[in-house]
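Produce the entire structure from the sequences given, and follow the hints as far as they go.
Under this note's numbering, the first residue of the sequence shown is numbered 4, with each subsequent residue one higher.
Honestly, the hints are just simulated from the structure, not real lab data. Keep in mind that this is a model prediction, so the values were computed, not measured. From the three backbone atoms N, C-alpha and C, an ideal C-beta is built for every residue, glycine too. Careful: at least some of the hints might be erroneous.
[Unchecked claim] BS3-like cross-link-like pairs, simulated, lysine-lysine; straight-line CA separation at most 25 Å:
1. LYS38 to LYS26
2. LYS26 to LYS14
3. LYS26 to LYS12
4. LYS27 to LYS14
5. LYS12 to LYS27
6. LYS7 to LYS26
7. LYS7 to LYS27
8. LYS27 to LYS38
[Stated by the list, open to error] Here are the in silico distance ranges between beta carbons for each label pair:
9. GLU34 to CYS11: 20 to 28 Å
10. GLY10 to CYS40: 44 to 52 Å
11. GLU34 to LYS14: 27 to 35 Å
12. ARG57 to LEU20: 31 to 39 Å
13. MET9 to CYS40: 27 to 35 Å
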Amino acid sequence: MTEKCMGCKDKDAEICLCSECYKKIIAIIAEECVKLCFDFASKCFAQYEAIMERIRSELKPKKE
Numbered sequence: 004m005t006e007k008c009m010g011c012k013d014k015d016a017e018i019c020l021c022s023e024c025y026k027k028i029i030a031i032i033a034e035e036c037v038k039l040c041f042d043f044a045s046k047c048f049a050q051y052e053a054i055m056e057r058i059r060s061e062l063k064p065k066k067e
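This is how it looks when you write it as structure tokens:
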């Protein structure tokens, strides 16, 4: 429940899905996804040179 919880209609629900709690759920998901994105991006950038080397080797211009 959030501070502004409007009360859950389903008393057996695992989590409240009133509009205020739903906003908080979306905010939590967004925050966690951003963390995962930055984690993935940092790993990707750490491999940047290896990735670029593969691109260079596979996409060399054809000499005619």
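Checklist entry - Of the hints stated earlier, which fail here? => result 10 and 12
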